[in-house]
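Take these sequences, add in the hints, and give me the full structure.
Chain by chain, the residues:
Protein chains: 2
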Amino acid sequence: MGQDTTRRAPIGVFDSGVGGLTVVRALRSALPGEDIVYLGDTARVPYGSKSPRTVERYSLACQQFLLDRGVKLVMIACNTASANALPALTSASPVPVIGAVLPGASTALATTVARHVGVIGTLGTVRSNAYAHAIFARDPGVVLSSLACPLFVPLAEEGWVDDEIAELVARRYLVQLFAKDPAIDTLVLGCTHYPLLRDVIARVARSLAHHEVFVVDSARAMADSAREVLGSSLLSIDNRRTAPGRLDCFATDTSRLDELATRFLGEPITGFELVDL
Amino acid sequence: MGQDTTRRAPIGVFDSGVGGLTVVRALRSALPGEDIVYLGDTARVPYGSKSPRTVERYSLACQQFLLDRGVKLVMIACNTASANALPALTSASPVPVIGAVLPGASTALATTVARHVGVIGTLGTVRSNAYAHAIFARDPGVVLSSLACPLFVPLAEEGWVDDEIAELVARRYLVQLFAKDPAIDTLVLGCTHYPLLRDVIARVARSLAHHEVFVVDSARAMADSAREVLGSSLLSIDNRRTAPGRLDCFATDTSRLDELATRFLGEPITGFELVDL
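Top line first, the protein sequences correspond to chains A and E.
Here the first sequence is numbered in my numbering, starting from 130 and rising by one per residue.
Here the second sequence is numbered in my numbering, starting from 130 and rising by one per residue.
These are calculated hints, taken from the structure and not from any lab test.
It is possible that part of the hints are untrue.
Since the list gives no way to pick out one identical chain from another, each pair is judged satisfied if it fits inside one copy or across any two copies.
[Said to hold, decoys possible] Cross-link-like lysine to any residue pairs, in silico, SDA-like; alpha carbons within 20 Å at most:
| # | residue 1 | residue 2 |
| --- | --- | --- |
| 1 | Lys309 | Leu363 |
| 2 | Lys179 | Ser362 |
| 3 | Lys179 | Glu402 |
| 4 | Lys309 | Glu287 |
| 5 | Lys179 | Asn258 |
| 6 | Lys179 | Leu403 |
| 7 | Lys179 | Asp387 |
| 8 | Lys179 | Leu406 |
| 9 | Lys179 | Asp382 |
| 10 | Lys309 | Val271 |
| 11 | Lys179 | Ala190 |
| 12 | Lys309 | Arg335 |
| 13 | Lys179 | Val304 |
| 14 | Lys309 | Leu276 |
| 15 | Lys309 | Arg157 |
| 16 | Lys179 | Arg256 |
| 17 | Lys309 | Phe343 |
Encoded structure:
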C-alpha cells in the first residue's frame, strides 16, 4: 500500500465480546474522522476462563480477520487477550498493535502523585497480574492494590449504571480496596465494561478516600495511545474533516448484540455482520 | 454388574461449573447414604453462550467421564446441557439420566393452583424455552412468564445472598415478572445458582404478589426425581444407614474452586481432582 492508501485505511479493534465498543466510543471521540472495523468474538466470550494457549489462538484469528480487512492499526480491547497474547499478536502483525493494559498503566503512572495506584477488573485480569507487571516494570516503587469486581460486568450489561444498586455495589467493592490502601489517588478501570460505571465509581471512590481520586479509563487511554502511534508514523487521517468515519461491526454470534452494543457504543449501531473465524 | 454392586455404585452429577453443587447438596439431604461423583467442566464454563452442537459434544464427554467411574445414574445439573443435550445423553447412557428442566417443571405443575407459573434463569435458559416446552407439553393451559436475571449468578458467587443489595436486585427483577402476570403463584428457580438466593427471592416474590408464592427449587426437584428413579428400579442403597456417602469432586480447571464450592455445597469440601476431558 502507498502511504496515502494506508492513511485512509481503517483502525481495527477486537474484543471477546461487545465491551470493546467502549474503546470504539473513545476512538470516535478522540479521532472522529477515522474509519473503524470492530470484531466481537461473541461466540467464544468470555476469554477470561480459557487457557492462555486458547486465548492466544483465538486472538490471532481475530487479528487476522482485521488484517484481512486492511487495517493500519490493531487494538486489543480485551484485557485477557492483551495479557496473554500481546507478544504473539505483535510478532504476527505487519501494522502496530496496541493492547489494553499498557496505555492504562502508563496513564496511571503519569497521573499518580502519591504513587499509590488501585486497579479494578475482572477476576481473570486481576489474577493475570498484567497491570502489576506493566506498572512495576516502569516504576517498582509504586504501591499497587487490585480487586476483582465481578458484579460490575452484569451491572453494565443491564444498564444499571448510576442508581441505588450500582452505588451500593461500588461501595461494597471499593471499601475493600481503600481498606487495603487508603492512600490510593489513582484508580484504573481495567475492564472494557467499567467505563459505563465511571461516574458512580469516581463518586464512591472520592467519598471513601476523603481525597481526590483520579479515575483512569483504559478505553480512553487506548484512544490516546492510538492518536500518538498514528501521528508519529504519519498514518493519521485529517481528523478536522467534518465527515465522521465509517464504523463496520462484525461478531461471531448475534445473541443480545443490538441491545448491548448501543449501550456500550453510546450511539445507535447500524448492525453487526455475522462472521465465522 | 450384579444388582448389589450396582446398588452400591455412586450417583454421577455434572455441570458446566460449580453451581451444580447445589444439586449435590440437595441429593445429600434427600439420599444421605449415596456416594456421589461430581464433575464441573470449569475450564469451559459457561455453556450458555455456546452453540447447541458444542454443548452436546461437551456434555457427552462429561457424561462419559462419569460412566467410566461406574455411576448408576447420571444427573445433568446444567440447564443449558439439559435443554440441548438430553436426548443425546439419554441415548448414549446405559443408566438412567435426569435433566435439570423436567423435575422443576413437573413440580411446578403439581404445585400451582392458579396455573400461572413464573420461571427465572439465565439468559440462555430463558431463550432456550426449555421450561416452556416441558410445561406446555404436559399442560398447554398454563400461563407461563419467564425472566432472565443475570445479576443473580454473580450475587450467588460473591455470597451476597441475603442483604440489602440482593433484596434490591431481586425486587428490580421480580417487579418485572409480576407486572407481566400478577397471578403467578409458583416460581421456578431455573438455574443451579439460584437456590442460594432462595430466601430473598421467596420474600420479595410474596411481597410483590400480595399472595403466597411457592418457590420451586430445581435442585431439590432433581433430588426427589433421583429418589424416585432409584427406588423404582431398586437401585437405591439403604439411606437409613448412618455413614454418610462419599463425595468425589472433579473439575477441568481449578480457578476459584475451593471458595465457591463450599458456598454452593453448604459443607466443607475436601478438594477437587483436576481432569482433562
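Hint check:
Taking the shortest alpha-carbon separations for Lys309 and Leu363, neither the intra-copy value of 44 Å nor the inter-copy value of 57 Å comes in at or below 20 Å. Neither within a single protomer nor between protomers do Lys179 and Ser362 lie at most 20 Å apart by alpha-carbon distance, with minima of 35 Å and 41 Å respectively. In this assembly of identical chains, Lys179 and Glu402 lie within 20 Å of each other by CA distance solely across copies; the values are 18 Å between and 25 Å within a copy. Taking identical chains as interchangeable, the C-alpha atoms of Lys309 and Glu287 lie at most 20 Å apart only when they sit on different chains, with a minimum of 19 Å there against 29 Å within one chain.
Taking the closest pair of Cα atoms, Lys179 and Asn258 come within 20 Å of each other only inside a single copy of the chain (16 Å); across copies the shortest separation is 28 Å, beyond that limit. Within a single copy, Lys179 and Leu403 get their C-alpha atoms only as close as 23 Å, which misses the 20 Å cut-off; across copies the closest is 15 Å, which meets it. Proximity of Lys179 and Asp387 under a CA criterion of 20 Å is satisfied inter-copy only: 18 Å between copies versus 26 Å inside one chain copy. With identical chains, the CA atoms of Lys179 and Leu406 are at most 20 Å apart both within one copy (17 Å) and between copies (14 Å).
For a Cα distance limit of 20 Å, the shortest separation of Lys179 from Asp382 qualifies both inside one copy, at 18 Å, and across copies, at 9 Å. Taking identical chains as interchangeable, the C-alpha atoms of Lys309 and Val271 lie at most 20 Å apart only when both belong to the same chain, with a minimum of 14 Å there against 53 Å between chains. Within a single copy, Lys179 and Ala190 get their C-alpha atoms as close as 15 Å, and across copies as close as 18 Å, so both meet the 20 Å cut-off. For the homomeric pair Lys309 and Arg335, the shortest alpha-carbon distance inside one copy (15 Å) is at most 20 Å, but the shortest distance between copies (40 Å) is not.
Within a single copy, Lys179 and Val304 get their C-alpha atoms no closer than 30 Å, and across copies no closer than 36 Å, so neither meets the 20 Å cut-off. Only within a single protomer do Lys309 and Leu276 lie at most 20 Å apart by alpha-carbon distance; the minimum there is 10 Å, versus 38 Å between protomers. In the homo-oligomer, the alpha carbons of Lys309 and Arg157 never lie at most 20 Å apart, since the shortest distance is 36 Å inside one protomer and 39 Å across protomers. For the homomeric pair Lys179 and Arg256, the shortest alpha-carbon distance inside one copy (13 Å) is at most 20 Å, but the shortest distance between copies (25 Å) is not.
In this assembly of identical chains, Lys309 and Phe343 lie within 20 Å of each other by CA distance solely inside one copy; the values are 18 Å within and 43 Å between copies.
Taken one by one, the earlier hints fail for this structure at numbers 1, 2, 13, 15, listed in ascending order.
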